[in-house]
Structures are given as structure tokens and as C-alpha cells.
Amino acid sequence: MRVKIWGARGSVPAPGPEMNRYGGNTSCVEITLSSGETLILDAGTGIRTLGFALSPEMPRINILLTHLHLDHIQGLMFFPPCFRAESTIRIFGPSSPEASLEQRIARYISAPLSPVEVRELPCDVSFLDAPATEWELGGATIRAEAVTHRGPTLGYRITDGDTTVCYLPDHEPALGSSLATLAREWISGYDLAHDVDLLIHDSQYMADEYPAHVGWGHSSIEDTVTFAHRVGAKRTLLFHHDPLHTDGFLDDLHLAAQDAYAALGGDPESIDIARERSEVVVSPSPAAASSGLSADAVAEVPASPTA
Amino acid sequence: MVEEPRTPPIAQKPLELILARNLLTSITTPAFLVDRTGALLFYNEAAGALLGIPFEELGRMEPEQWTRLFRPFTDGDGDGDGGGEGPVDIETLPLTIALRDGRPAHTTLTIHSAKTGDHEIAASAMPIVGQSEEASGAIVIFWPLDEDRAREVTTGRHEVVK
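Protein chains in written order, with this note's numbering: chain A, 12 to 318; chain B, 198 to 359.
Be careful, since some hints might not be right.
So the derived label-pair ranges between C-beta atoms look like this [as the list claims (entries may be wrong)]: (1) Thr225/B x Gly47/A: 55 to 65 angstroms; (2) Gly299/B x Ser111/A: 22 to 32 angstroms; (3) Gly299/B x Asn31/A: 45 to 55 angstroms; (4) Thr234/B x Glu145/A: 20 to 30 angstroms; (5) Ala218/A x Thr226/B: 29 to 39 angstroms; (6) Ala110/A x Glu331/B: 12 to 22 angstroms; (7) Pro222/A x Leu255/B: 29 to 39 angstroms; (8) Phe94/A x Glu331/B: 32 to 42 angstroms; (9) Ala117/A x Asp286/B: 49 to 59 angstroms; (10) Met69/A x Gly299/B: 43 to 53 angstroms; (11) Glu113/A x Arg300/B: 27 to 37 angstroms.
Keep in mind that the hints were calculated from the coordinates and are not lab data.
Yeah, the Cβ is synthetic: ideal placement off N, Cα and C, and Gly gets one too.
Chain A extracted, bound-state conformation (with noise of 0.2 angstroms):
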């Protein structure tokens, strides 16, 4: 699997010069599968420049959304493929019993948010729930499981042959427990993030920004390589910066997250952090300790822009 990174900022976009090493988009990250298919995790205004990057003849657009927070859709109303009658783009999300999901998105991409409304795109588009149970997806197996956020909201585990990642750009399973004691059964997200070669986790927070948003659905870095550790995952990549937080900022907390994994007794080298137009192949990595990963298991290297 090739993890490709088009924002990974939190909350509101976060445009200028001190955030350029690490960009100002909101969430949205392409995963190209052993098969060649593309499954975009959710539609934060890094889809925007995504759809410039996909090739026209790209025969179906799967888009996996993990709630509806604007961070996390904004950019479908400016997504290229969206507006060529000859794409056929699938959009799952979370299920609710109040309204559909076509429903429930149609509130921003109508009158007086948009120019456009739903029905009006030229692409063939259809919204679906989410499955509660796997499934099949370009060749990939799917599971989406509902995690502790403000609002209904997924995760994603996404399983190509020997290859796992995981999705958790919103997330706080450490709100009202100890993830350090808690036994594993109770831990949100568990099942989803167990043993997989490369967590993709909310980080958005620093131990002592914390206290004063706890509830928010956030992560401090501390509950996040906690999490990281109970769950066995083999790298992690931190996600969801908050839009406060400068290049220099985020460099600072990267060490304190490699320095707290280290507490741990994990290997700091798998600690992350995400910055756009990266990209990571994500490889098994067959004799990886449980809270760690050899270093050439994964590779990142950095990607030319492409529009």
C-alpha cells in the first residue's frame, strides 16, 4: 500500500508561511492499493489538489469519510472529479438515524453555503452507510467501527493482503479512562487499530493544551502513543495538527511524541508525523515487536508536487 498525504491539518484549514513544511490543508489522505485502486480517506480541502492528481480516466472514486465535521468534507464541493459527468465516485460514511448520508451532506453543499447543490454534479454519485461488518473494497477489506468523537464518527482498518493501516484522525479514547490500565476490551478504537503496520492517529494536542479541551474528541500526544502502544501498532503517524500549531511547533511536538513512545519502551524512530504531499509505502513487517517496527519495514520519501 502506498499512503499518500493531502492534509493533514485539523479543525480549519491553516494557510501561510510558518505552517509550509507541514501544510495548511484539512484531513484527507489517498491509499493506493496493490491492485491499483484508490480509496481517499475522507474530503477535507486536501481533496481539492487530490482531484487535480487523479487521472481522468480513473474509472471509480471511492471515498471513505469518517464523520461529517466540515474539516473532513469541505473539500468535496471543490473536488474535480465531481464535476465530470464521465466519473462515478462512491461515498461512504457514517450511518444515522436521523437522515442519509446524501441528506446530511446536502446540508453544505446547498443553498446559501453553495453555488451548487447535490443533485445538480454531473458525475455519477452515490452515498452509502458505511457496512457494519467488512467488506470488499478495490481488492482491500474494510472495516469501519464507530470511535469516541463528537458526533457519530468511524474508523477505518483497511487490510491489503499482508498490509494493514489504520485511520483514526479523530479520535480521544482516552477521555473519562486510563489507557495506560484499561483492559484492552474497553479501549475505543482497539479492534480497528491492533497489530496494524501504520496507525494514522489524532495527535492534535500537547499534554498541557489538553486539559483545557478535554471532550473535544482530541487526543493529547501522550493518550495517542499510548494508544499507539496498547494497540501493537508497528509505526504511527501523527495527524489532525491543530491550526495553531506552527512548523516549529509540530517539530517540538513530534519529539515530545517520540520522547513519551521512548517512556514507553517503544522504538521512537516509528513515531511520525504527517505532512502533506508525503508519502509512505506501507509494507508487513513480519518479526516487528509490538511496539515498534525495523526502520526499513517503512519508507517514506518525499513526493513532487503535482498541481
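We have chain A already, so just place chain B on it with the hints.
Using the frame of chain A, we list chain B on its own:
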């Protein structure tokens, strides 16, 4: 293509039960959490104070285990005086009604504490229904009808029980 779904083995509790446990941990009203089969998954510190034993010493229990231990008895006329007419038929317990009928239920009864004997309580159960739209469990909140006892379990100010 979207293919036929498969059901994977689930080890982790449903999110709504995880959040319910977190809530129970944070409140000082005695409360139980059971799964869809009525098995006891958790009770909080206030419940532990009332029952005379912390949950951590017991762990998960099947319905027949915890009913044998805590001996819920009917309060004959329901006036809270703990008439002790006999063991409660598990089918009439509020939590059974909540799980079976998917609605809240309430009663008064007597339960047994390992350290302080029998207590009259009022118990209210409500089903927990997640995105699957089926009850994955129930919360049972109970109140000691003895005012002094109620104050003790909700404030944490207990007499030393010898």
C-alpha cells in the same frame, strides 16, 4: 465492487458500552452496566460502596452469578420497605425489561451487601441502543431508600465496616 459483508470476530465492546462505562466511572450515583445478555460488565465505586465489594474484585459475571451474590428480593407492595417476599424473578427485573422490551423500567427491591447486609433500593434501568439499533446493553441506576445510606454511597463518606 462492494461484496457480500462478513462478520469479523469482535473482541472490543461496542462504543456505546465503552462510553457508558466512562459515564458510570464519573458519577457518584450507584450504577450497573450489563451487556445484552444481562451479564454484569461493570459497576461504579458508589455501587461498590453499597454492595460492599468493589467491581475490581469480582469482574464480569453472568446473570445467575450476580443475582446469587446480590440476592435481589422483591419488595412486596413496592413501598420501599423491603418486604422480602422472595427472590426476584429475573424476568421482572428492570434490566431484563429494558433489554427485552427496549424501554426504561423501574422498581423497588432489596439487595444484599457482602458487608452491610440488606438494603432497600429503587432501581431504574434503561436500554443502550447504538447505531446497530439493537440494545447492546443496559444501565441500571439505583438509589438506596435509606437516606443515610444514600448519602454515604454518593458522597463517599462511609463508616468503617468491620
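Hint by hint, here is what the structure shows:
1. Range check, Thr225/B to Gly47/A: Cβ separation about 57 angstroms, and the 55 to 65 angstroms hint holds.
2. Between Gly299/B and Ser111/A the beta carbon distance is about 24 angstroms. The supplied range of 22 to 32 angstroms therefore holds.
3. For Gly299/B and Asn31/A, the hinted distance range of 45 to 55 angstroms is satisfied, since their beta carbons lie about 54 angstroms from each other.
4. The beta-carbon spacing between Thr234/B and Glu145/A, approximately 24 angstroms, falls within the hinted interval of 20 to 30 angstroms.
5. In this structure the supplied range 29 to 39 angstroms holds for Ala218/A paired with Thr226/B, their Cβ-Cβ distance being about 31 angstroms.
6. Remark: the range hint 12 to 22 angstroms for Ala110/A to Glu331/B is upheld by a beta-carbon distance near 21 angstroms.
7. Checked against the hint of 29 to 39 angstroms, the pair Pro222/A and Leu255/B passes, with Cβ atoms roughly 33 angstroms apart.
8. Take Phe94/A and Glu331/B: their Cβ atoms lie about 41 angstroms apart, and the range 32 to 42 angstroms holds.
9. The beta-carbon spacing between Ala117/A and Asp286/B, approximately 51 angstroms, falls within the hinted interval of 49 to 59 angstroms.
10. Met69/A and Gly299/B have their C-beta atoms about 45 angstroms apart, which keeps the hinted 43 to 53 angstroms range intact.
11. Here the CB-CB span from Glu113/A to Arg300/B is close to 32 angstroms, well matched to the stated 27 to 37 angstroms.
Going through the hint list in order, the structure satisfies each hint without exception.
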